[in-house]
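So you can see what is in the structure, the chains are spelled out below.
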Amino acid sequence: MASALQALRMGALGALAGWPVLVGRAIFYLVALAVLSALWGKVASERLAGALPLPAGGLALYVGATEWIMLSIPSIHLRLEDDIRSGALETHLLRPKLYLVLRIAESLGDMLVRLATLGLAALGLLALSGRSAPAEGLACLAASAILGGVIGLLLYTLVGLSGFWVRRTLPAYLVIQKLMFLLGGLFAPVSLYTSAAFRRLSEASPFAAQLYWPSVQLIAPSAAVFARALALQAAWIAVLSLAAAAIWRAGVRKLLRQGI
Amino acid sequence: MSAVITVQTLTKQYRYARRRTGALGAITGAFAPDFQTIEAVAGVSFEIAAGERVAIIGPNGAGKSTTLKMLSGVLEPSSGQARVFGLVPWRERRALAYRIGVVFGQRSQLWGELPARDSFALLRRIYDQDETAFAARLGRLVEQFGLGELLDQPVSRMSLGQRMRCEITASLLHGPDLLFLDEPTIGLDITAKAAIRDFITEHARGQGQTVVLTSHDTRDIELVCDRVIVINQGRIVVDQPTDQLRRQFLARKRVTLQSAAPRITLDLPGLTVLPSQPHTSVLDVDTRLVRVEQVIAAALAGGGIEDITIEDPPMEEVVREIYLATTGA
Amino acid sequence: MGGVLSTYPLQAAAAIRASLADRTNFLLQMGGMAVNNGFFLALWVLFFAGFRSVGGWGAADMALLLGLIMTIVGISGVAFGGYRDMAGTILSGEIDALLTQPKPVLGRLLSRDSLPSAWGDLVVGLVILVGFGRLSWVQAPLALGALACGLVVYLSAATAFASLAFWARGARSFARDLTDFLILFSSYPGSIFSGASKLVVYTLMPAGFIVLAPVRLLRAPGLGAAGVVVGAAVVYALITLAVFQLGLARYRRGLTPTSG
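Protein chains in written order, with the working numbering: chain A, 509 to 768; chain B, 86 to 414; chain C, 92 to 351.
Only chain A is shown next, with the shape it has when bound in the complex (with noise of 0.2 Å):
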């Protein structure tokens, strides 16, 4: 447990150290910010007859929410596939502590500077835009987005997993990615699917809970939904661990037994 916290301390520091690339990183969530909320601020405006109706106030602030979560998760698998192919892992493997929880804590201090840092960023942008959003459900949206990272992070750790068997995750990770946009509601949320059960899916998805959960809050605050939104968070990190965890011991009996 130490030996994380040291990890996660690790984590955190490192992004500081590269404050540079923070900063670009805030840049870069600000701009698309501000392209999507031009984006949603046109079609809340028009209001056209057989249009889904949108939520009042429009989807300027949930966007804002997904893409901060989207932003603040560390590329985790690239420093799996690097270790996995590199070899680097087997000095690890000699080591006491687990390897792979010591690398996620590491990518979770990562994390939480990067939360941090875009927050703040997104905090002075609401001001600076004159908009408001509700105090309580930002309160909940700061709690379940740490949680919703989390299961980024975990979605992550698969993919780079992965690479025990294939020459490269990219692939993997390309289609994970665009699972987030399509079904975890980065544009836009889920319930605006037309389509009953492909919103009944995406929903209960690891995605939505990963993005579309944490950010409705800001649009539609309320305990009910802060608490399915717990709940649906906290069985998607325990199946999800388990599934990291499963798949981590059959990669390293791979690796023993077969070599990379």
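Simulated from the structure, these hints should not be mistaken for laboratory data.
Computed from a prediction, not measured in an experiment: that's the story for all the values here.
Hints are supplied without guarantee of correctness; some may be wrong.
Chain B stretches covered by chain C per the calculated footprint, using a threshold of three residues with CB under 8 Å from any CB of chain C [claimed, not checked]:
| id | stretch |
| --- | --- |
| 1 | 155 to 161 |
| 2 | 173 to 179 |
| 3 | 185 to 191 |
| 4 | 194 to 204 |
Sample of chain C residues facing chain B (criterion: CB under 8 Å; computed from the structure) [claimed, not checked]:
| id | residue |
| --- | --- |
| 5 | Thr98 |
| 6 | Arg108 |
| 7 | Thr191 |
| 8 | Ala316 |
| 9 | Arg344 |
Using N, Cα and C, we set each Cβ at its ideal position, and we do this for glycine too.
With chain A's structure known, arrange chains B and C on it following the hints.
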């Protein structure tokens, strides 16, 4: 013989912003940079005649590459004049390009993933070469340089020495009258260096080509060039025929002996013992007075020798010695 | 000029052959990008299923815009791929060797690389243009002209960004980020931009001239619209040539902070 290159009081100053440390420093530095000027080339003058093979040598940062870049038209000088084939290189860069070949030892002009042959074909078009003349020239170079099998291999799979042979071939394909080689033997092992040197010497002699090369390896000069320009801190310290320079300054070797005994004493002329750790003896050998074989034979005769290394004295030292000798200090 | 035209195709062809050297990597990158773009298209399909239109832009207009930008990015990456890391090439001092050769440096820089992923952009872009852009075959010449002009503006802007490297060492990632923003701005319906953001997309981030003006020309052909598209291409190309020459002159005075 007519001069191919004339250089008069050529200078080049670089101005650069000194970096401040930390985030705050980076920000203040962006608005109020702290400029420093360094004089990379400080008023050099020389002439090089057609067919001459000249080495410009000096330690890192002495201004060798900067001089070469100005003569090949890449870089504009801060002041002074130069003419190459009567052209001002930095103003008539393209006209000059057809008449010179340039190799930068640390950069490649070949496509790594493609066979060298493909890069050569592209260079033919870049230099607007006629196909038959080009094919004949390539054929000659391939034969001289033993490139036959290499030609169809991707450059990225070649050894450094093989790649350098291809680089030099690439720079000769348009039949230039003047060849500039910037550190052509850098990073190569002894055999590869020898192959490059032999090729340059043979090729340049055969074609009557003028060659200007820079190096910090004293042996490049001895084998390839008739004349040496030693440059240090942007100034020419020596400009004389290689024979003369060799007799004066390049006649030294450094022999390091590892021995069971803490010290070895040899009674031979021309030896200077340099300070060193116990069990290691570093000898400066003046080869005009004693041959290296003699030194080693004498050492081995004494017994208890565990290892022997023979090296050239570091370039910095040679230059310092030349500098001291020429300034009379 | 004639010199450029005779050697450029050969150089670009060599770059493409080099990019094909690692077949697996090529297919993976190309396929990955195609899937990526396909997902992006799917998101917009869902969007228009729900909201019908944005400020007068319907699904077919959006398809036309996406088809144009993907095709432009595709052609750029395949035939002018050196543009992507031109700042890096400048900063590494690699243009010294090009300066000793008789052909113009800019052409050599653009043709020194070809990006495998760009084929994915190109293929999907063309499929979208032909399949969903709602263009008639009669419009093909006009569409090609509009595409060519947009391509010139895109490459000009990206080259101008890369030319910043002649002035500043940090320009490598900055130029890349600016180019990514340019693609981002070029991937949304033009109607969402107003006020300051509209000013930006018609000046510094010329998405307006890369895709918006060409879309307008194809939807409502006219001399005025054609004049804007062609004029923008000429103006941006001239500005970029001037900026590049200015930067190159600076480089040749030894003022560029290269690492070589």
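Hints, one by one, checked against the model:
1. 155 to 161: This one holds; 5 residues, not fewer than the three required, reach chain C with a Cβ under 8 Å.
2. 173 to 179: Answer holds; 3 residues pass the 8 Å Cβ test.
3. 185 to 191: Since 4 is at least three, the answer is holds.
4. 194 to 204: With 7 residues closer than 8 Å to chain C, the stretch 194 to 204 of chain B meets the three-residue bar; holds.
5. Thr98: holds, 5 Å
6. Arg108: Given a least distance of 6 Å, the restraint on arginine 108/C holds.
7. Thr191: holds, 4 Å
8. Ala316: violated, 39 Å
9. Arg344: Result: holds, 5 Å to nearest chain B Cβ.
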